[in-house]
Amino acid sequence: MEWDIFDEMRRMQEEMERMFAASSSCTSCQGNSCQGVGSIPEDWRPESIPQNPRAIPGRMEPVVDVQQTPTSVIVTVEVPGMEKEDINLTVTSEKVEIDAGKHDQEPDETGRKFHTIVPLPVSVKSQDVTATCRNGVLEITLSKNKEAATSQNVKIT
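So in the working numbering, spot 46 of the sequence shown is number 46, and the numbers just go up one at a time.
The set of hints was computed from the structure by calculation and includes no laboratory data.
It is possible that some hints are incorrect.
Claimed, not checked - Straight-line C-alpha distance at most 27 Å; calculated BS3-like pairs for lysine-lysine:
no.: 1; residue 1: K84; residue 2: K125
no.: 2; residue 1: K95; residue 2: K84
no.: 3; residue 1: K84; residue 2: K102
no.: 4; residue 1: K144; residue 2: K125
no.: 5; residue 1: K95; residue 2: K144
no.: 6; residue 1: K102; residue 2: K144
no.: 7; residue 1: K155; residue 2: K144
no.: 8; residue 1: K155; residue 2: K125
no.: 9; residue 1: K144; residue 2: K84
no.: 10; residue 1: K95; residue 2: K125
no.: 11; residue 1: K95; residue 2: K155
no.: 12; residue 1: K84; residue 2: K155
Whole structure, please, built from the sequences with the hints as guidance.
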């Protein structure tokens, strides 16, 4: 008997159809997390993934990393394609808000507009902030503080 690729493909298709039928026909879970063969756990379904309540429609949430040193907090944000002129940065003693996008273009032209609010692990001095943007990476260094400060816009160098 000679091997036929089309027979193998039909066999694989039948197997996949059987698996999908088994996962969609489970009635034992009745809306709860099903653990049957071929089922998708409820917490892995897209509708169960929590959405960011701070997100702005049409803007992506950038990748953010927050690190602490003994005297400062360093927030690193990936904003590919952005220059320092494209970024609006607001700092309070408790959070950093980043809003970035090309001002002369619509969101669907570039596909890149970013917004996020980063809660800080400790209180910082909102007046003592340095920010740099190089190659689409924004680095914000904030001095730690024990007393609360007011909100302030920051110029990026």
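Outcome of the hint check:
1. K84 to K125: The hint holds at about 22 Å.
2. K95 to K84: holds, 20 Å
3. K84 to K102: Satisfied, since the Cα-Cα distance of roughly 10 Å is no more than 27 Å.
4. K144 to K125: It holds: about 6 Å lies between the C-alpha atoms, which stays within 27 Å.
5. K95 to K144: Cα-Cα ~12 Å, so holds.
6. K102 to K144: violated, 31 Å
7. K155 to K144: At roughly 19 Å apart (the allowed maximum being 27 Å), K144 and K155 satisfy the hint.
8. K155 to K125: Answer holds: K155 to K125 is near 15 Å, not above 27 Å.
9. K144 to K84: holds, 24 Å
10. K95 to K125: holds, 11 Å
11. K95 to K155: holds, 16 Å
12. K84 to K155: holds, 9 Å
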